[in-house]
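Work out the full structure, taking the sequences as your base and the hints as a guide.
Number of protein chains: 2
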Amino acid sequence: MKIICSKSNLVKGVGIVSKAVPSKTTMPILECILIDASMNVIKLTANDMELGIETRIEGEILEHGIIALNAKIFSEIVRKLPDNDVVIEVGADNQTLITCEKAKFTIAAQSGEDFSYLPAIEKEDSITISEFTLKEVIRQTIFSIADNDTNKMMSGELFEIHDNLLKVVSLDGHRISIRNIELKNSYGSRKVIVPGKTLQEISKIIGGESEAEVEISFTQNHVVFEFGNTLVVSRLIEGEYFRIDQMLSSDYETKVTVNKRELLDCIDRATLLIKEGDKKPIIINIADGSMELKIKSQIGSMDEEIIISKEGRDLLIGFNPKFLIDALRVIEDEQVDLYFMNAKAPCFIKDEQQSYIYLILPVNFNAVA
Amino acid sequence: MKIICSKSNLVKGVGIVSKAVPSKTTMPILECILIDASMNVIKLTANDMELGIETRIEGEILEHGIIALNAKIFSEIVRKLPDNDVVIEVGADNQTLITCEKAKFTIAAQSGEDFSYLPAIEKEDSITISEFTLKEVIRQTIFSIADNDTNKMMSGELFEIHDNLLKVVSLDGHRISIRNIELKNSYGSRKVIVPGKTLQEISKIIGGESEAEVEISFTQNHVVFEFGNTLVVSRLIEGEYFRIDQMLSSDYETKVTVNKRELLDCIDRATLLIKEGDKKPIIINIADGSMELKIKSQIGSMDEEIIISKEGRDLLIGFNPKFLIDALRVIEDEQVDLYFMNAKAPCFIKDEQQSYIYLILPVNFNAVA
Chain A
0 MKIICSKSNL
10 VKGVGIVSKA
20 VPSKTTMPIL
30 ECILIDASMN
40 VIKLTANDME
50 LGIETRIEGE
60 ILEHGIIALN
70 AKIFSEIVRK
80 LPDNDVVIEV
90 GADNQTLITC
100 EKAKFTIAAQ
110 SGEDFSYLPA
120 IEKEDSITIS
130 EFTLKEVIRQ
140 TIFSIADNDT
150 NKMMSGELFE
160 IHDNLLKVVS
170 LDGHRISIRN
180 IELKNSYGSR
190 KVIVPGKTLQ
200 EISKIIGGES
210 EAEVEISFTQ
220 NHVVFEFGNT
230 LVVSRLIEGE
240 YFRIDQMLSS
250 DYETKVTVNK
260 RELLDCIDRA
270 TLLIKEGDKK
280 PIIINIADGS
290 MELKIKSQIG
300 SMDEEIIISK
310 EGRDLLIGFN
320 PKFLIDALRV
330 IEDEQVDLYF
340 MNAKAPCFIK
350 DEQQSYIYLI
360 LPVNFNAVA
Chain B
0 MKIICSKSNL
10 VKGVGIVSKA
20 VPSKTTMPIL
30 ECILIDASMN
40 VIKLTANDME
50 LGIETRIEGE
60 ILEHGIIALN
70 AKIFSEIVRK
80 LPDNDVVIEV
90 GADNQTLITC
100 EKAKFTIAAQ
110 SGEDFSYLPA
120 IEKEDSITIS
130 EFTLKEVIRQ
140 TIFSIADNDT
150 NKMMSGELFE
160 IHDNLLKVVS
170 LDGHRISIRN
180 IELKNSYGSR
190 KVIVPGKTLQ
200 EISKIIGGES
210 EAEVEISFTQ
220 NHVVFEFGNT
230 LVVSRLIEGE
240 YFRIDQMLSS
250 DYETKVTVNK
260 RELLDCIDRA
270 TLLIKEGDKK
280 PIIINIADGS
290 MELKIKSQIG
300 SMDEEIIISK
310 EGRDLLIGFN
320 PKFLIDALRV
330 IEDEQVDLYF
340 MNAKAPCFIK
350 DEQQSYIYLI
360 LPVNFNAVA
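Heads up: the sequence lines are chains A and B, in that order. FYI, numbering that gives the first Met the number 0 numbers position 120 of the first sequence as 119, with every residue one higher than the one before it. FYI, numbering that gives the first Met the number 0 numbers position 124 of the second sequence as 123, with every residue one higher than the one before it.
You can't tell identical chains apart in this list, so a pair holds if it fits in one copy or across any two.
In silico lysine to any residue, SDA-like type, Cα no more than 20 Å apart, as pairs:
| id | residue 1 | residue 2 |
| --- | --- | --- |
| 1 | 259 | 333 |
| 2 | 79 | 274 |
| 3 | 196 | 206 |
| 4 | 183 | 131 |
| 5 | 79 | 258 |
| 6 | 11 | 203 |
| 7 | 6 | 263 |
| 8 | 295 | 107 |
| 9 | 274 | 27 |
| 10 | 1 | 92 |
| 11 | 101 | 295 |
| 12 | 6 | 18 |
| 13 | 103 | 291 |
| 14 | 18 | 8 |
| 15 | 293 | 94 |
| 16 | 190 | 161 |
| 17 | 79 | 263 |
| 18 | 79 | 328 |
| 19 | 203 | 226 |
In case anyone wonders, no lab produced these hints; they're calculated from the structure. Quantities reported herein were computed from a predicted structural model and do not represent experimental measurements.
This is the structure:
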């Protein structure tokens, strides 16, 4: 194999596919990026068997072939080369020569034959969404997936399509995040669970422009994201997602409307007093016209009053401050509405159209302290 | 004690003095910042017994007094407060109330009486230098102090004043960095060894403007840096510094002139192939008109040719690439001159006026490999 591409194209391509290179593996071939110039395009591929990414880069093929290069070394070399054309040439024993201007690197590579190609996907049905919207919806929900693997289902997000509506849901046992998005077209009904890791990597790769589009296709076991020159293939999580509808309720005893920034800043300040791993709740005392937030730890105590408008009963309720912060951070509205039933029932933060619903369970606290 | 200052003044002041708060100590009082409002100014002080920093901040004193607050907690609270006036008030048992708008923090503090004040310094003689020059000269020499304490002297830098010249020297047994600076005025001769840590912290605090000035005063055991509202007092390292003059030589057998950027980028690329802790040298083969740089490790090999102009003999010599990189990074000149005697003798990188001299010892290498 012998190819020529510009350094900038290589850097970009390697940056994209590297997201699918596992950080730890016992199989050295998985730590590689495959350069495939066997046909008339140059394709870079990485694949950790759950998630695979392939991207086409521009360049000239002087000799067809394939080679698998260690992703870490290859990407470091490419990044530090002068800003000019790079020649990659495979010699005897897969020794690979990377030349740019007068710099010559020789590294040992592995045969491309050993590399696991991405699964061939026959796209059954697909939806279209803008890069911007996809990136946003991931950011607005990804924080409430469970970060351990004890419940596989909780490590993914539900993507539910019905007519022209996409509903994205994540939950971790303490809270639920829901976003409802209107699509440009209508589609058949479909429910899949996409691994959180796939969504995290996708959101790093896509540009986030509102004009650029992503095509998302589903098969029995896979989801495929296509955008620009790039193809991301991921396994789906098998099984049926939690029935969240029965956890949602529109009844409430107390409704609070508050400036989002003020509430967020106040809770953020309060967390200063909590050391990591310390489970001190923030206590919220809701009264007419104002609500008092209090926290107390070994380090010290804080209390602050925020002006609100309130409907319904007074309430004293405690929360893990991190859960409130996570939800408030991804809401763009200047004012937010919080709905409460009682001190044992979940709080809902949602807008009128229910484009977002954040459900957060309260925590017990010692009212005397 | 009760004082009012703006959040921004507090943040700035706390940021400055925090540099003298030790990261680890068995004495809780050293982890504190002293707020001293006993006289008619508000002073913040931190002191780790080697290095002490004091800064005055603007504000209003409603009740005189002093208090010592844990630096980490205090600075985190202050940073997260709303951007408005902050009231700090000491109550019973040194419980300290920090109020800003509707936010109220209460933290336990320590009596200011337990705090070790900065040593009272009678300034004997002092020099004046711009913030910019001081910051630069520290950056240009600090990398070659020894980072362990086996030789105390090597963990500091020599500041030698003679007439209107300031010479700053650091060395670690493998290399020497020397900068000669012309001062605006002439001073009596003086030689002191300033701890590297002091210089590192100073260079983080000073603004680096060429108009702003720093007054540096010396006493028998201390050095004092005064700039703006801030005073930094540090112990000096006792003893006589190494006699470096006898290590410097102006003889050479080979002189190379090379584009600094090209040389630096080439060595930088080569280090990709070296894992941390791996002591592979870069081998330089100097010939007429060009020099070849080679490195070989388990990961792979690199070679690159650079165009040079050369006087004197051909030479094959090896270096720790990091030492070359460190020196080249802080030289501003577009072209640099390298002087060599033989493969066992140090290389000198210096300009004609000797405003900088970097001496680097070569390393042995296996010429066959």
